[in-house]
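There are 2 protein chains.
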Amino acid sequence: MSAFLTPHVASLPATVPFVGPEAQERQRGRRFAARIGANESVFGPSPLALAAMQRAAGEVWQYPDPENYDLRQALATLHAIDPGHIQIGEGIDTLLGYLCRMTVAPGVNVVTSDGAYPTFNYHVAGYGGTLHRVPYRDDHEDLAGLLAMVREHDARVLYLSNPDNPMGTWHNAERITDLVANLPDTCLLLLDEAYVECAPAGTAPDIAPDTPNVIRLRTFSKVYGMAGARVGYAIGPRDLIASFDRIRNHFGMTRIAQAGALAALQDQEWLAGVISDIAIARDTIAGIARAHGLTPLPSATNFVTVDCGRDGAFARRVLAGLIDRDIFVRMPFVAPQDRCIRIGCGTSWDMALLSEHLSGALADASSEV
Amino acid sequence: MSAFLTPHVASLPATVPFVGPEAQERQRGRRFAARIGANESVFGPSPLALAAMQRAAGEVWQYPDPENYDLRQALATLHAIDPGHIQIGEGIDTLLGYLCRMTVAPGVNVVTSDGAYPTFNYHVAGYGGTLHRVPYRDDHEDLAGLLAMVREHDARVLYLSNPDNPMGTWHNAERITDLVANLPDTCLLLLDEAYVECAPAGTAPDIAPDTPNVIRLRTFSKVYGMAGARVGYAIGPRDLIASFDRIRNHFGMTRIAQAGALAALQDQEWLAGVISDIAIARDTIAGIARAHGLTPLPSATNFVTVDCGRDGAFARRVLAGLIDRDIFVRMPFVAPQDRCIRIGCGTSWDMALLSEHLSGALADASSEV
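Chains A and B are the protein sequences, given in the same order. Once you know that position 308 of the first sequence is 308 in the numbering used here, the rest is easy, because the numbers rise by one and skip nothing. Count along the second sequence from 1, add 369, and you get the number used in the numbering used here.
The following block holds chain A by itself, in its conformation from the complex (with noise of 0.2 Å):
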């Protein structure tokens, strides 16, 4: 190991928090026929944002604008409130980093679900933080769990994604406003909200953006359907938005994301039209999944997460035999969530290739016991 590393940074793993699915096809020496387990939308995002970004290609070797103006004042329009509660980052992994760094240090204990977000706990362990974990309870993220935890821990920071990731449920708008309510003001809400375009009505809390202790985060890379241009942001108090600039990478984010991000706001149209192809993919996997004996769980996200029926050990052949038959799928990391598979929505072509290999990767599991 180089001598020149700090201690902690030393002590930290070479973890990589995901292996995508290009190192999966690169070791496989084919590619995957239906690309369903990174969340990713594969309805892709509005045609106006793709010929914004084709364009802004042109302007390339101009640097960004560094206070990505344009694209925060549509967001502070489109949320109805002062760009100053409104920050840009190159995606929610990047602004969950920053808010680490801010926020995160030896000595600082932090809650999240077990099982929850890796990037997250990459970036806790990162600024040598304690991170305590809260088990799911009915497959949820438990929020009286987590207030308990928070509690018990005098936690600085708390994480919860809404809809959850890897679960695909979600809590409504009022039990998120409880929990706002009831949490210390010592405690800093972290709210990712990555999913919640296409959640039912009523599950995006109204949390007056000057909360002190409340930073929700969204992004472009799910309904948006932008992951490639690396675009999220945060909605927060001013004080810790403005904060941000003490320690950003001004200039990270990409002129042709910014570009691109501006204009597929201008297309909420599509926006609508996308959640729509969302609920119809998301009622396919659950008939596919149903049909093969399994159980889906509710969604609010653009995935669903599929219940085996048994042990964490058979969701992983299950995963397994579908990765074989070229469908790039992943599951959760935690027992006993890990007796799931998560499916991401699809075209009907992955969601046709879904149903023609699910029994194969079912009957393999089985046998192999």
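Derived by calculation from the structure, the hints in this document are not laboratory data. The reader is advised that the hints may include incorrect statements.
As the list claims (entries may be wrong) - Some chain A residues judged to face chain B by a derived CB distance under 7 Å, without partners named: (1) M1; (2) S11; (3) L12; (4) G20; (5) A38; (6) G44; (7) P47; (8) L48; (9) E90; (10) R137; (11) L188; (12) G225; (13) I247.
Stated by the list, open to error - Chain B residues, not near chain A, derived (Cβ > 10 Å throughout): (14) A372; (15) G398; (16) M422; (17) V549; (18) D693.
What the hints assert, rightly or not - Coverage of chain B stretches by chain A, computed from C-beta distances (three or more under 8 Å per stretch; other residues unrestricted): (19) 602-610; (20) 665-672.
The structure displayed is predicted, hence computed values, not measured ones. Even glycine gets a Cβ: it sits at the ideal position worked out from N, Cα and C.
Take the given structure of chain A and dock chain B to it, following the hints.
Just chain B, lined up with the frame of chain A:
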């Protein structure tokens, strides 16, 4: 200030290393006519890169490959080294931030030139390091002075850009090799070679990539004409290169940037053309400067730093006069280098505007005393 910040982050100023030209345009209420202030490449990227980015926009719904595998392989081929010596990031800025996070902590001494890259200084401060600055000598970074300062403070990190920004001057490969040979092995050299592709042959030293205390930094923002795509890379020893994986944002690169950079590497002919365009533009700037009684410094970069012949106050007035005339330029921050303004290589249209307006800016600057 938010109560959630760590004491160190709370102590940091909310400074911005650079104000973008877009912010100046918003303030002025009108666009610049010539954008030659940020060392961008007005000659743009290879048409192959442009086409690749426009194609990649069509698959922007997919996350990028977090390993940047294809681009790393191609860079390894270009430099005839193993990909294990290469790390890719969202521009040199991001890589410098990661390197500071990996190596700098309170109590760690870092050496740079006084008036060199503000973004590096920002990251050093951001991780609590102590910065020691060495004045330029004859408008060059002072290698002997830097080395002495490293020894005096037992510095862990030395930052050097060669060719230099903002002065445009450079040291030949032998002098850099000597510096490396004389550097204590407890000091890591960050050798920023952002401009090296357009420097005279014999500027880039031959440093074995497994030299344990040298990281070289390269970018697609300058000669490759892709500043808006945010692509940089580091070359260095395997252990340090692998250590980026402990802390980096694995999904930070955009898929479009990956594709663009990969295609750009395939068009070395375009690169040669740009390098030739840069050389011509440098001569043009030098000629315009001389015709106005100013002294152009020799340059190995895509800009020419021009000595306005008086003090910093005068040069700032000249700069203001050019900006008033819709010509975006910048200048060194620190005396006595701030007697200069820094003019980027432009199109012939940009150069004509410069030629047209420089005398007015100079006349105003002289009369304002």
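Hints, verified against the model:
A distance limit of 7 Å between C-beta atoms decides the matter here; for A:M1 the minimum to chain B is near 6 Å, and the interface restraint holds. Here the hint on A:S11 is broken, as its CB sits about 9 Å from the closest CB of chain B, past 7 Å. Annotation: interface hint on A:L12 holds; nearest CB of chain B at approximately 4 Å, less than 7 Å. Annotation: A:G20 was flagged as interfacial toward chain B, and the flag holds, the nearest CB pair being 5 Å apart, inside 7 Å.
Satisfaction of the interface hint for A:A38 is found here, the shortest Cβ-Cβ separation to chain B being roughly 6 Å, below the 7 Å cut-off. At a threshold of 7 Å, the smallest CB-CB gap from A:G44 to chain B is about 5 Å, leaving the interface hint in force. A hinted interface residue such as A:P47 counts as satisfied when its beta carbon comes closer than 7 Å to some beta carbon of chain B; here the least separation is about 11 Å, so the hint is violated. Taking 7 Å as the C-beta cut-off, the interface hint given for A:L48 is violated, the closest approach to chain B being about 12 Å.
The beta carbon of A:E90 comes within 6 Å of a beta carbon in chain B, closer than 7 Å, and the hint placing it at the interface holds. Look at A:R137: its Cβ only gets to about 27 Å from chain B, farther than 7 Å, so that hint breaks. Checking A:L188 against chain B: minimum C-beta separation of about 5 Å stays under 7 Å; hint holds. Because the smallest distance between the Cβ of A:G225 and any Cβ of chain B comes to about 4 Å, under 7 Å, the interface hint for this residue holds.
Given hint, A:I247 at the interface with chain B, holds; its Cβ is 5 Å from that chain's nearest Cβ, closer than 7 Å. Under the 10 Å C-beta cut-off, the non-interface status given to B:A372 relative to chain A is violated; the minimum distance is some 7 Å. Every beta carbon of chain A lies more than 10 Å from that of B:G398, the smallest distance being close to 14 Å; the non-interface claim holds. Distance to chain A contradicts B:M422 as a non-interface residue, since its nearest Cβ pair spans about 4 Å, not more than 10 Å.
Annotated as non-interface, B:V549 keeps its C-beta farther than 10 Å from every C-beta of chain A; the closest such distance is 15 Å. Distance to chain A confirms B:D693 as a non-interface residue, since its nearest Cβ pair spans about 21 Å, more than 10 Å. Counting residues of the segment 602-610 of chain B whose C-beta sits closer than 8 Å to any C-beta of chain A gives 3, which meets the bar of three, so the coverage hint holds. Counting residues of the segment 665-672 of chain B whose beta-carbon sits less than 8 Å from any beta-carbon of chain A gives 0, not enough to reach three: the coverage restraint is violated.
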